[in-house]
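Line by line, the protein sequences give chains A and B.
Going by our numbering, the first sequence opens with residue 74, and the numbers climb by one from there.
Going by our numbering, the second sequence opens with residue 398, and the numbers climb by one from there.
Heads up, some of the hints might be wrong.
What the hints assert, rightly or not - In silico DSSO-like pairs for lysine-lysine, Cα to Cα no more than 30 Å straight-line: (1) B:563 to A:260; (2) A:116 to A:154; (3) A:289 to A:330; (4) A:153 to B:673; (5) B:675 to A:154; (6) A:316 to A:260; (7) A:153 to B:568; (8) B:512 to A:265.
What the hints assert, rightly or not - Rough simulated footprint, nothing fancy, chain A against chain B, three-plus residues with beta-carbon under 8 Å: (9) 413 to 426; (10) 429 to 438; (11) 696 to 703.
Claimed, not checked - Here are the in silico distance ranges between beta carbons for each label pair: (12) B:412 to A:161: 41 to 47 Å; (13) A:194 to B:434: 37 to 43 Å; (14) A:269 to B:698: 41 to 47 Å; (15) A:269 to B:449: 41 to 47 Å.
The hints are simulated quantities; they were obtained by calculation from the structure and are not laboratory data.
Where is the CB? At the ideal position from N, CA and C, for every residue including glycine.
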Amino acid sequence: MTTRIDRRFAALKQEGRAALVTFVTAGDPDYETSLKIITGLPKAGADVIEIGMPFTDPMADGPAIQAAGLRALAAGQTMKKTLKLIKEFRKADQDTPIVLMGYYNPIYVYGVPKFLKDAKAAGADGFIIVDLPPEEDGEFCIPALEAGMNFIRLATPTTDDHRAPTVFRNTSGFVYYVSVLGITGTKAPDLKSVKANVNRLRKHTPLPICVGFGVKSAEQARAIAKDADGVVVGSALVSAVEKSLTKAGKPTSKTAKAVHALVAEIAQGVRS
Amino acid sequence: MNVKTPNSFRTGPDENGLFGIYGGRFVAETLMPLILELEQAYKDAKADRSFQAELDDFLEHYVGRPSPLYFAERMTEHLGGAKIYFKRDELNHTGAHKINNVMGQILLARRMGKKRIIAETGAGQHGVATATACARFGLECIVYMGEVDMERQKPNVFRMKLLGAKVVPAKSGSRTLKDALNEALRDWVANVEDTFYCIGTVAGPHPYPEMVRDFQSVIGRETKEQMLKREGRLPDSLVAAIGGGSNAMGLFHPFLDDKEVEIIGVEAAGLGLRTKTKHAASIAGGRPGVLHGNRTYLLMDDDGQIIEGHSISAGLDYPGIGPEHAWLHDMKRVEYVSATDKEALEAFQLCCRLEGIIPALEPSHALAHVMKIAPQRPKDHLMVMNMCGRGDKDIFTVAEILGAKL
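Whole structure, please, built from the sequences with the hints as guidance.
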């Protein structure tokens, strides 16, 4: 069975270019603006959309994404509203894959079977759940695969050749290679080690490998796109949201535009 | 819940780090190899007699163990019921039970060749204990502490600095213990090569809940021996305060299979359980969820967002509880109750005047429950309360509430 994610990566392979994977937080800075941001992403150049499900305690994320999650929660974002956002997006776009990214607790509380059913119905394609390593596959990964959805796993510099088979065992869709040791958006990736690690991981998996954590510019994106199948940009977009807000944290007419402009710029890097 | 009583309550966790459905390893992939390495290193150390001998030596000569089991005669007379004993872990070096666990973990870190130690702290007791052990062994020490807690526990912040530790404020979220834990985990993810994370309570990903429990179990083992020597039999009941639950687990664990011993954990009810959000009683007011590497009872809203706990005691206002406690609650082996800020404050004052012991606000919660139940028990009922910390660090908080100027 192929999913939207599989189809999109196959199509890009035909085109001979890497994917631009964009991350934004659902409901940041509020529901309406967030919907505007997300619906405009494909046109700006996003090939895959990651939507962050806000959580109060995002322990693998840096200050930018933490702040985005708290802004969204303060504006009343809930898991139900996040799924509604996807449903709205799907009205106009049937092709762009959507990956929900976040932490396990809100899903666990929602109820795994119900969440999978609702997420699928809304039009989500896959999941990245940061705090579910392979050792906890029975919790959510296996049920997600059984529901015909992708479970995308993070591989890190600590994923050595011994660990890699465990990490990739139940991974599908693509692999998200975390290019730095640390939290999101804090350090710039070391391009040499990215290349070496991507090539090393290819021996363990036939899946497309996307690289992220710390990608901020078209330059970096261009360099990474040479070796990887996709480039993930997250904190930089979320920071663009933050910078566009009023002092009181309210969205302005520039908010969605700022995100789309940055996506367009980085897309140029990926495509050139 | 229809659960079968196990033959033993002391065999957990299983190989996946589970106590029933609680515990586990819910961490980012970056940390998984480290946690597996730690699990193996701890297994090896546990099987190595020289490791235990080294730890015992430090516990005796540096920490000052065994701590006395003290008959609280005037408290007993005042309450007019059960015969009350205090297990005096407040007499340990650094003033609380936290050092028992820290000595074990730091010796393990040395064995593993780790040179940089990170820790989280709420009230500051675990931070002070970690800073102390790091000073003793010449290790770099970084302590994460919520900005709000740094303000509430200024003396401990200064103590840590005197001991050479770097204290880093956690400025995100509610800026208390849970956020300090998030920051420590973020540090660990970024510094996996040389860093050992010294967790202060029986929570976090496996093997921490088991390891911290094992290091704290010295409290219960001593209590058993001391009580047998003094009274010729086991105690009838044990009472201990619970935030994450390390002092309680340390006292309880050696007694879990002594079915005649009644065991009671006291959570912090803050301004009262009815306030819904102004307490820190994860079992009484929470439900199962996943945070900080383990599944356990958590304070959260209907959408799975974590609610910060509230308690007069900075050491108890964690929105979760150790996973083994969650399991012991479900199995009904341990009874979990709660005491409010006000009750704890009354117990604190009473203890100062009757026993000449200034207790920390954490065990004051346990004492508040002792005050409720001791009068209803017969005079030959032996009750042990874990006096897990001294109150020097809390005098500013208490002074403010009592309207005294220092």
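Okay, the hints, checked on the actual structure:
| no. | hint | result |
| --- | --- | --- |
| 1 | B:563 to A:260 | holds, 22 Å |
| 2 | A:116 to A:154 | holds, 23 Å |
| 3 | A:289 to A:330 | holds, 17 Å |
| 4 | A:153 to B:673 | holds, 23 Å |
| 5 | B:675 to A:154 | holds, 27 Å |
| 6 | A:316 to A:260 | holds, 20 Å |
| 7 | A:153 to B:568 | holds, 29 Å |
| 8 | B:512 to A:265 | holds, 28 Å |
| 9 | 413 to 426 | holds (count 7) |
| 10 | 429 to 438 | holds (count 3) |
| 11 | 696 to 703 | holds (count 6) |
| 12 | B:412 to A:161: 41 to 47 Å | holds, 45 Å |
| 13 | A:194 to B:434: 37 to 43 Å | holds, 42 Å |
| 14 | A:269 to B:698: 41 to 47 Å | holds, 44 Å |
| 15 | A:269 to B:449: 41 to 47 Å | holds, 43 Å |
Consistency with the previously given hints is maintained throughout, with no hint failing.
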